[in-house]
Amino acid sequence: MATTAVDQTHGGPGPSVPAPPRPRRRSRSRLALRNTLIGWSFILPNFLGFGLLTLIPVLALFYLSFTSWNVFGAAEWVGLENFQRLLGDGSYHTALFNTLYYGVFHIPLTLVSSLGLALLLNRRLRGVAFFRTVAFLPYITSIVAIAAVWNMLFSPEFGPINQFLGALGVQNPPGWTTSADWSMPAVIIVSVWRDMGYYMLLFLAGLQTVPGELYEAARVDGAGAWSRFRNVTLPCLRPTTFFVTVLLTIGSFKIFDLILVMTDGGPGQSTLVLSQYIFDKGFVESQYGYSSAVAVSLFAICLTVTIFQFVWNKRRDA
Amino acid sequence: MKRTIPAVGLAAALALTLTACGGDTTDETPSTGDGGTTEEMGDEPVTLSLAGWSLSTTPEFQALADAFNEEHPNVTVELAEYSAGDDYDTQMIADLAGGTAPDIYVQKNLRNFYTYADGQQLLDVSDVAAGLDPATGGVDFYEMDGASYAVPYRQDAWLLFYNKDLFAEAGIDEPDGSWTWDDYVDTAKELSDELDAKGTYQHSWQSVVQGFALAQSEGAALDTGDYSWLAPYYERSLDLQESGAQESFGTVTTNSLSYQAQFGTQEAAMLPMGSWYVATLIAQQESGEADEFEWGMAPIPQADASTTGTDATPVTFGDPTGLGINPAIDEDKISAAKEFLSFAAGEGGADALAGIGITPALLSDTVVDTYFALDGVPTDDLSAFAFSTHDTRPENPVSETTAVVQNILGDAHSAIMSESDSIEDALAEASDRAANEAGIG
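If you read the sequences in order, they're chains A and B. If you're matching positions, the first sequence starts at 1 in the UniProt record's numbering and goes up one per residue. If you're matching positions, the second sequence starts at 1 in the UniProt record's numbering and goes up one per residue.
In isolation and in its complexed conformation, chain A is listed as follows (with noise of 0.2 angstroms):
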């Protein structure tokens, strides 16, 4: 801007054009690429991490997933060889099993008991906070707490919950963690427990937008409690239901912590999920070929899930 106005004063001889556009548009440009700069400063700290640490390594990922990289020297290039390997290996298998296995019941106990503690909590109710605040609290617990507690908890001769179940008159209580039938069952009950206080406080963020009008407006149609909440909230929550279940889809398929200090996979391999798998054959068995490969068909899974979703999501919107 102050050169613009020095050369205007100081005009020389030349066309007696007004200011030219040039150097405005040029001043605007300037002004575009400050702003860019300002903006990519501002999130040039978290894209240097993720970056560094995420996008990196996950590109390299796809790489080493067609070879059979093994830490110490060059990664050998095997083609599809890994690919191939996770066709015929039974373990593979299992871990795919016992993931979709999770993902099915987890996924919707977690939406339905979430939804449902986030409907009990919306009301004004005396302490409402503090309940809010109990829901809430096993998501950030430490997950080695919870997992001891809830595997004393399980414990199969000593524990609260089979000592309550034979008070009922249960003849042969499961053997929860230490038996290969119950085992995933037990981690479920307790990620659905860990995660419901976390998406409940997403679907209370969602109720908060559903106007009372619709509800006065139903309620003087005559709709009764259940009527209202199927064609008032639900339609209203569709937004955060979506959101809520594509981030416990993924949020399921990857299911690593909780298992690992849990079951360790075991009984046998009753509890070994695909993420616990990429981590046995990397990390334990240096395979990391082989370990990358997993870990690319277990992003797979999860992206052509995802988009199925948004696709369906879509349809439902249109």
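Don't take each hint at face value.
Quick list of simulated restraints, FRET-style, between CB atoms [what the hints assert, rightly or not]:
no.	chain 1	residue 1	chain 2	residue 2	range
1	B	374	A	72	39 to 49 angstroms
2	A	81	B	130	37 to 47 angstroms
3	A	77	B	98	17 to 27 angstroms
4	A	45	B	347	28 to 38 angstroms
Stretch-level coverage of chain A by chain B, calculated; a stretch enters the list once three of its residues show a Cβ under 8 angstroms from a Cβ in chain B [what the hints assert, rightly or not]:
no.	stretch
5	73 to 83
6	119 to 126
Calculated directly from the structure, the hints in this document are not laboratory data. Here the structure is a predicted model, which means the values were calculated and not measured. In this text, a Cβ means the ideal position worked out from N, Cα and C, and glycines have one as well.
Once you've looked at the hints, dock chain B against the given chain A.
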């Protein structure tokens, strides 16, 4: 003003990122001292870096460094701290791959040795190994294709710890070194009948069953794909937990029972455990964490009578802990590093380790004397025999497939002990998986 904000933000962001990135690596970068220049170790000052873990609670690395420095005043050994547990290897592998690992690093167990040696991350130290006392345990475990890539300085072996007070209370004869596993199971049951405590405590680790089976069974090997030799050992373990002579596997895992608490607070009268527990038990009795009671060590029970008795050599298992040299070490520091390895695996290192209650790989008479002179170590003859006399086989024989097979057998272990699967089915599945995942059989 407007312009300075992004500039300051950018600078701050850069500074933060750079410091964050630098922080991790600088800690473990070995300091480069002035190296000696001659092939033979001279008197020039040399600084070697040595990896260790949990340095504040694991005094063995400092003990070795100090003892070596006393003999070789020109060589300073600096410790680089790594995580304990399995993370040690993960971190070390990352540092080796990144070129920031120390000059000398520890082979914590044999499970990952193949990865290091095959990945050419260990210098050939056959000359050091050849110069060691032939009595040093576990030297040949580190051989691959005729060359040695590490030397053992510490070799724990599994023994049977027993509570003398509880045996006296039950009126049952203490172990005398003649036990087979059947004798052990019978005694455990008798003890449980007589006492409020359990007869024995077998921790939930797979090695508590599989380590002995591998060491003591004729023709047993991990890389054959046939794991039927595990069956009798599992039958006895299941018998123990079904008869109530031992806590059930489910109780041990769901309640996170610790072997230190079970034996130390007299919940169980016997405990098969590695010799590292001696130092822990003494320390815990001193601090009051463990009860005061008389205890002793006996040879681990044997598969049959051919290796029992104090005139035979009982067979047990245990992975040695070894030292290897990072091939990225400065050329002129190699001779000093090799000298350190010889010292640590030799009499000097063994004496320094025995003095702090660690079981050295070299168990000469003087070393055993040093060990048994420690306060609190039981001094009866059987304890001394058990501690000093054994044929110790590796828990993880070095092979390309060891890590994979151990993982598979770990799954079989939890399936059998939780009684989710029959022994037969679980072992058959392990064979199938070994064929599928490791190309064995």
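Evaluation of the provided hints:
no.: 1; hint: B:374 - A:72: 39 to 49 angstroms; in the structure: holds (41 angstroms)
no.: 2; hint: A:81 - B:130: 37 to 47 angstroms; in the structure: holds (41 angstroms)
no.: 3; hint: A:77 - B:98: 17 to 27 angstroms; in the structure: holds (22 angstroms)
no.: 4; hint: A:45 - B:347: 28 to 38 angstroms; in the structure: violated (56 angstroms)
no.: 5; hint: 73 to 83; in the structure: violated (count 1)
no.: 6; hint: 119 to 126; in the structure: violated (count 0)
The earlier numbered hints that this structure contradicts are 4, 5 and 6.
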